[in-house]
Amino acid sequence: MKVLLGLDEKSLNELFELYKNQFGRGAARYARKTLQKWKDGKVRPNEQTYRRFLIHLPKVMSYDLKCEVLRHLMEEYCSKGHYELTVYTDDWEKALTPLVRQIIDKSYTAELPLEVERKLRWLADGEMQIAQDILRKSQIEEGKIAVSMLREEFANIENLLENTQWQSRVTHKLELPYGTINLNIKRR
Amino acid sequence: MDDENKDLVPKKQTLFPLTPDDIVDNALQNLDENQARRVTQKAADEMVRIAVDKRKAEYKNSAAQEEMRNLINNANLLDKSVDDYKINSTIETASGTTSVEIRKSKFTTKNIIAIALGLAVLILLAFFLLTRN
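Chains as they are written, first to last, in our numbering: chain A, -3 to 184; chain B, 1445 to 1577.
One should not assume that every hint holds.
As a list, the in silico SDA-like pairs of lysine to any residue whose alpha-carbon atoms are at most 25 Å apart [as the list claims (entries may be wrong)]: (1) A/133 with B/1475; (2) A/140 with B/1497; (3) B/1500 with A/89; (4) A/55 with B/1479; (5) A/90 with B/1502; (6) A/140 with B/1543; (7) A/55 with B/1484; (8) B/1504 with A/84; (9) A/182 with B/1543; (10) B/1550 with A/162; (11) A/169 with B/1533; (12) A/169 with B/1511; (13) B/1550 with A/158.
FYI, nobody ran anything at the bench for these hints, they're computed from the structure. Owing to the predicted nature of the structure, the values given are computational and were not obtained by experimental measurement.
With the rest of the complex left out, here is chain B (with noise of 0.2 Å):
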């Protein structure tokens, strides 16, 4: 196997190899002349549709890739003129959905952690110095 078979995305490969005739080429012989011509025509209605298929995931992928751009536009508006924000955002893309949440609030993991073990050192030296006496 050489190198661009190896990708999960080929990067010049054409996705339709096949044609229909390649498709029906060796199964047509068991079937009579009507038969024939609605398997053939039903594998070039395949085509058809999953060139479509192609077409639709292109616009979905532009699609994607602007609200995508919108959604950092968004995020760096608010990031400017509030201390605490979530987005959720849910984009259709050409493989799937992708979904988002960007937050930004004063009480972050970190912060939390930092006041708590501020509040256990207070703790502990309030018993300190009523223990002491």
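One chain only, chain A, in its complex shape (with noise of 0.2 Å):
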């Protein structure tokens, strides 16, 4: 329920009109209210507004929005590696590339947990599962932008340690669809 109301502010109106046309406007009413203390996890959506918004609800959504659903789905329930590197200015590169390279790679097999599939049974449909392959080769795509200009990135950096005199700390935080690689980032 949180990766649905996580959708951004148009998506989530479509939503929500969908289900007032589907369920009624007190249903509607009811589930606009209390969206905030679904999305903060203070109180639990119980089993028939999940049913509603997850089983029901996308046989009427369009197929962009169910995409977003599906990429919502796809950033939360795929797993994610968080890793810690100490790298200096002049080896970042060779020490880097392994650990991004299969981070990226990880969107080429990424896949939902076999339970959220086999609840949600419109992510079979054949144009689900393209839609899952588009999204996959996005965010391979993400990935590689992230890091295209990290040689640029690191010249800045040793020029900022370079022209410091005195102690200068720097850490980087990369961040990929797949994974965040925290770097401590020292000059020699």
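Please assemble the complex out of the two chains, which come individually in their own frames, going by the hints.
Right, dumping it as structure tokens:
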């Protein structure tokens, strides 16, 4: 449910409009009213609301909206790694390359947990399977974009470490779709 | 695999080798016309989204470079005017977030060790002088 409610405002409005059409004004009003509590995890939606949102509603959702839900499901449920690494400004590329490559490659094989796929049968539709493939390829591109400017970013960091005379401590959090690397950067 | 492919950051290689047609090429066979149209449209939308992300990353990169330059200038200015300072800065870059801490203090680790050693020598000396009598 958290995944669904993490959608942007436009998608969320579209979703609630569909909810109103399908299950009535009162039910939609209740769902909207308790939205923030669901998001915060203060209240868990009951079984009926869960089923309405994630099992019945997709039958009437636009393909775009279903893809957005799928994107959020992938971000939430596909396993992510967290890594800590100390690198020097003259060897970062050698140290970082295998790990970054490994994280980007995870996108090729990212699968939703079986339990999620079993419950949300609409995910097995042919067009949703292709959507999953499209989103995987997007995530690969996102990863490549993130690392495409690393050389310039490290050149900036090296420049900073060179030009400040006193104690400098530099860390960098590298964020990729399937993993985060916390780098502690030093200069020899 | 050639040398270029071994690099983390490809030197001259397009980030967008795929077209929407490539992505859905084989998969479309089992879909009806409407589904095929929706899927092709989605693939095209994703390509546009990725292209926008790439442009945003370039802007972030330029802004981060500027912030880094300002940080160096500020540190150098403070260096000339005060004895102690500490700057903490968080810069959003294309790949994530860089956190920088620059600190100038009389009490550096080396100074603290030197003071501690000096004190230890004085205590030993005092102890030696007192116990001699």
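Sort out whether residue 1502 of chain B lies within 25 Å of residue 90 of chain A, counting only the CA atoms.
-> holds (24 Å)
Would you check the hint for residue 1550 of chain B and residue 158 of chain A, treating anything up to 25 Å between C-alpha atoms as holding?
-> holds (20 Å)
Would the pair residue 140 of chain A and residue 1497 of chain B pass a check requiring their Cα atoms to be no farther apart than 25 Å?
-> holds (11 Å)
Restraint check for residue 140 of chain A with residue 1543 of chain B, where alpha carbons must lie at most 25 Å apart = Roughly 22 Å between the alpha carbons, so the hint for residue 140 of chain A and residue 1543 of chain B holds.
Assess, step by step, whether the Cα of residue 1500 of chain B is no farther than 25 Å from the Cα of residue 89 of chain A, and give holds or violated.
-> holds (23 Å)
Compare the distance between the alpha carbons of residue 169 of chain A and residue 1511 of chain B with 25 Å, and conclude whether the hinted pair is satisfied.
-> The given pair, whose Cα atoms are some 17 Å apart, holds under the 25 Å limit.
Taken at face value, is the distance from the CA of residue 1484 of chain B to the CA of residue 55 of chain A at most 25 Å?
-> Roughly 20 Å separates the two Cα atoms, so the pair holds.
Has the given pair, residue 1504 of chain B with residue 84 of chain A, been kept, meaning a C-alpha gap of at most 25 Å?
-> With a Cα-Cα distance of about 23 Å, the restraint between residue 1504 of chain B and residue 84 of chain A holds, given a limit of 25 Å.
Restraint check for residue 55 of chain A with residue 1479 of chain B, where alpha carbons must lie at most 25 Å apart | holds (14 Å)
Could you grab the alpha-carbon distance between residue 133 of chain A and residue 1475 of chain B and see if it respects the 25 Å cut-off?
-> holds (20 Å)
Quick one, are residue 182 of chain A and residue 1543 of chain B close enough, alpha carbons at most 25 Å?
-> holds (13 Å)
Are the Cα positions of residue 169 of chain A and residue 1533 of chain B separated by 25 Å at most?
-> Measuring from Cα to Cα gives roughly 14 Å; hence the hint holds.
Against the hints set out earlier in the document, no violation occurs for any number.
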